Amino acid sequence: MRFSPTPEQQQLGDMVQRFFAEQYGFGARRKILDSREGWSREIWTKMAELGLLSLQVPEEQGGLSPAVVETLFTATATGRAMLLEPWISSAVIATVLIRELGSAQQREEMLAPLAAGERIAVPAHFEPLSRYDLRRVATSARRSGRNWTLRGRKSVVLHAPAADLLLVSARSSGAADEISGISLFAVPREGPGVALSPYRTLDGVCAADVELSDASGTLVGVEGAAFPAIASAFDQGLAARCAEAVGALQAALDATVEYTKTRQQFGVPIGTFQALQHRMADMLIHVEQARSMSYLAAMRAADPSARERRRALSAAKVVIGNACRFVGQEAVQLHGGMGVTDETAVSHLFRRLTALEMALGDTAHHLEQFVAATALAEGT
Amino acid sequence: MDLSFTGEELAFREEVRAFLEASVPAETRRAVLEGLEVSRDDTVRWQQILHRRGWGGPNWPKEFAGTGWDPVRQYIFEEESAAAGAPRLLPFGLKMVGPVIMRFGNAAQQKRFLPRILSGEDWWAQGYSEPGSGSDLASLKTRADRRDGHYLVNGQKTWITLAQHANWIFCLVRTDPAVKKQAGISFLLVDMKSRGVTVRPITLLDGSQEVNEVWFEDVEVPFENLVGDENSGWTYAKFLLGHERTNIAGVGASKRELARLKRIASEERKDGKPLLADPGFAARVAQVEIDLMALEITNLRVLAAEADRRAPGAEASLLKIKGTQIQQAISELMMHAAGPLALPLRRGATEDVPGARSAAPSHAARLGATYLNLRKTSIYGGSNEIQKNIIAQTILGL
Chain F
12 MRFSPTPEQQ
22 QLGDMVQRFF
32 AEQYGFGARR
42 KILDSREGWS
52 REIWTKMAEL
62 GLLSLQVPEE
72 QGGLSPAVVE
82 TLFTATATGR
92 AMLLEPWISS
102 AVIATVLIRE
112 LGSAQQREEM
122 LAPLAAGERI
132 AVPAHFEPLS
142 RYDLRRVATS
152 ARRSGRNWTL
162 RGRKSVVLHA
172 PAADLLLVSA
182 RSSGAADEIS
192 GISLFAVPRE
202 GPGVALSPYR
212 TLDGVCAADV
222 ELSDASGTLV
232 GVEGAAFPAI
242 ASAFDQGLAA
252 RCAEAVGALQ
262 AALDATVEYT
272 KTRQQFGVPI
282 GTFQALQHRM
292 ADMLIHVEQA
302 RSMSYLAAMR
312 AADPSARERR
322 RALSAAKVVI
332 GNACRFVGQE
342 AVQLHGGMGV
352 TDETAVSHLF
362 RRLTALEMAL
372 GDTAHHLEQF
382 VAATALAEGT
Chain G
137 MDLSFTGEEL
147 AFREEVRAFL
157 EASVPAETRR
167 AVLEGLEVSR
177 DDTVRWQQIL
187 HRRGWGGPNW
197 PKEFAGTGWD
207 PVRQYIFEEE
217 SAAAGAPRLL
227 PFGLKMVGPV
237 IMRFGNAAQQ
247 KRFLPRILSG
257 EDWWAQGYSE
267 PGSGSDLASL
277 KTRADRRDGH
287 YLVNGQKTWI
297 TLAQHANWIF
307 CLVRTDPAVK
317 KQAGISFLLV
327 DMKSRGVTVR
337 PITLLDGSQE
347 VNEVWFEDVE
357 VPFENLVGDE
367 NSGWTYAKFL
377 LGHERTNIAG
387 VGASKRELAR
397 LKRIASEERK
407 DGKPLLADPG
417 FAARVAQVEI
427 DLMALEITNL
437 RVLAAEADRR
447 APGAEASLLK
457 IKGTQIQQAI
467 SELMMHAAGP
477 LALPLRRGAT
487 EDVPGARSAA
497 PSHAARLGAT
507 YLNLRKTSIY
517 GGSNEIQKNI
527 IAQTILGL
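Protein chains in written order, with this note's numbering: chain F, 12 to 391; chain G, 137 to 534.
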């Protein structure tokens, strides 16, 4: 039982925090947010230079995988910074997908450009009818020569407008919620038959719905057998999003404490009022419980036991989802009128926390998942 | 960073488990696991058994004949003890007055009192609260005035847990009424058999007599029973609170009670099916289980920080708040699991009339009473509101 990181891990954590503190302050982020693309190629290149895009790349391709603690620290730092760049989509989920499913040649060809920041890949998995169910894939795949033809719709594909490559799940056999029959395909974003309807999500991230009408894709992995790797990649993405949430939660608490220490009413700082102090104490309890679960999620994200993995990750998302909601709402309330303006950091944090609560399954979804995994484990 | 126990820690857990399995008396085990009353004799006997094994002081250093276990081993011991149905060790000697005497007592006091705590010969009570001094403890009024060769103690303490069994009580008393309230308090050890000490039980909402008023009328206490310096008692009291709260999360006991909740909810039926299969009820149980998982890790984080020689901090307040919320939530769910059968108020299986048959399953016997009783947890040991004040001031700097 050890909670302290190694000196090297600590060093990386400090370095990432410093990087975002210096390069990604509220004003700098604001400029990126207001830009046409909604993300910064310059920041992305610097993140590559710091090695942050190769944490999940295998050693053979020059990366650091598994880098569990490094990924945890980086994700927490991106949460505090409210990052707009596709770090979890590309450097975690898509990288894990290629690492787990790709042939030796595909790994060699695809991972290096991702790690170098030259190319961006994002998963295009969820569909209008899938809600949070990873198995529910209706997009169809048909073989045509060496390539495959894909038809279907993918919804709320985060960072799709920034991506060079979409990693599209589609089925060549089986019913819409069957595990077998799902494959993964690499589809160039600008390829024929790929149409994006771009927008921003409520927390400012660029995203799109993707219409695939006989789009051409390259199979990554074995036909019909991609589901376990997809589940694993999204579980690692879920662990990263949990850690990201902890960074945003801590930032929201810090901002609130700071604000109530400076804001004066009735001749005193409002932070001296016990009614407000107790609410901030409750926020702190949520943040610390969330931090504990972000550790558990990171440590169990690749657990070989599917049940243990499910129990740990869903439990983590329940605690963190509850925290996102409570801390986000309280942070806005304690900022008073300033909390509902666009100009304060806290309203941006609230938006990110709201999106995080719903990311990869909301609290109710994961509570259900936890119940199911626990009942299986206990045989009831 | 590694959330798994080391090989040595796992081996230690096995050793503890084997010992508990062989050593917890069967009737004690049954009482603990079924939520029945644990008697004074059960508690003392268990302390004696542990003492013979050399484990009488799980949280004490070797210097004072304790186990010298690190915080993680103490945690494992508590968790396994709870799961095995061992009675809770009395905190008043082991976790409260013991550490204070070790740190601030003189050699004679250490020699006189510490071995008797380990052996179970002394049962200590905590004399802190007074009718007018609850959360504002420093306002206490019980006086100790210097006379020839002794203090003369007068006043009233209240909420004294299990004082009816105690032969010693440690008290905060006022020795200087002229100075700032915190600066005039001393830490005094009082023999309960002294002339002028009266114990009056307080009946609680579940019918139990767990706490008492203790009155002091011209009680003579020798100077040698003063711990540390006169008028420094507040410092010792704060030191004690830090120790008391560190293990207050009660994770081991809550895990045991959660398992019991699941057993009860699997036996109870709703629409002919196990209540635990009802999605609404299952979700409520799952939410508590998940909160407990998080608390366990938070608790281990705090213990790890302690092991790194950082003193117990205000994080203990977080553990107290969350730990008691979970204890209360589990007992509430157990009562609701039994439904209407939890309404009959019976204090224990011992009160069952021979031959009389109850319609309720035996597990329902004390669920209502326990729910009522556990409301105390968010009030005692520094109410949860006081803990939030500590968090706001100490951690958040408000």
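If you're looking for bench data, these hints aren't it; they were derived computationally from the structure.
There could be a bad hint or two in this list.
Simulated restraints, written as ranges between beta carbons of each label pair [unchecked claim]:
#1 Q21(F) / S255(G): 39 to 47 Å
#2 E129(F) / R399(G): 28 to 36 Å
#3 T17(F) / G190(G): 33 to 41 Å
#4 S151(F) / R399(G): 42 to 50 Å
#5 A319(G) / Q21(F): 38 to 46 Å
The list that follows gives simulated cross-link-like pairs (lysine-lysine, BS3-like), each with its CA atoms no further than 30 Å apart [unchecked claim]:
#6 K272(F) / K391(G)
#7 K329(G) / K277(G)
#8 K409(G) / K391(G)
#9 K391(G) / K247(G)
#10 K277(G) / K409(G)
#11 K272(F) / K247(G)
#12 K316(G) / K247(G)
#13 K272(F) / K316(G)
Fair warning: this is a prediction, and the values are worked out from it, not measured in the lab.
Backbone N, C-alpha and C fix where the C-beta goes; we use that ideal spot for every residue, glycine too.
Hint by hint, here is what the structure shows:
{"no.": "1", "hint": "Q21(F) / S255(G): 39 to 47 Å", "in the structure": "holds (46 Å)"}
{"no.": "2", "hint": "E129(F) / R399(G): 28 to 36 Å", "in the structure": "violated (58 Å)"}
{"no.": "3", "hint": "T17(F) / G190(G): 33 to 41 Å", "in the structure": "holds (36 Å)"}
{"no.": "4", "hint": "S151(F) / R399(G): 42 to 50 Å", "in the structure": "holds (48 Å)"}
{"no.": "5", "hint": "A319(G) / Q21(F): 38 to 46 Å", "in the structure": "holds (43 Å)"}
{"no.": "6", "hint": "K272(F) / K391(G)", "in the structure": "violated (39 Å)"}
{"no.": "7", "hint": "K329(G) / K277(G)", "in the structure": "holds (22 Å)"}
{"no.": "8", "hint": "K409(G) / K391(G)", "in the structure": "holds (25 Å)"}
{"no.": "9", "hint": "K391(G) / K247(G)", "in the structure": "violated (37 Å)"}
{"no.": "10", "hint": "K277(G) / K409(G)", "in the structure": "violated (58 Å)"}
{"no.": "11", "hint": "K272(F) / K247(G)", "in the structure": "violated (50 Å)"}
{"no.": "12", "hint": "K316(G) / K247(G)", "in the structure": "violated (34 Å)"}
{"no.": "13", "hint": "K272(F) / K316(G)", "in the structure": "holds (28 Å)"}
Hints 2, 6, 9, 10, 11, 12 from the list above are not met by this structure, while the remaining hints are.
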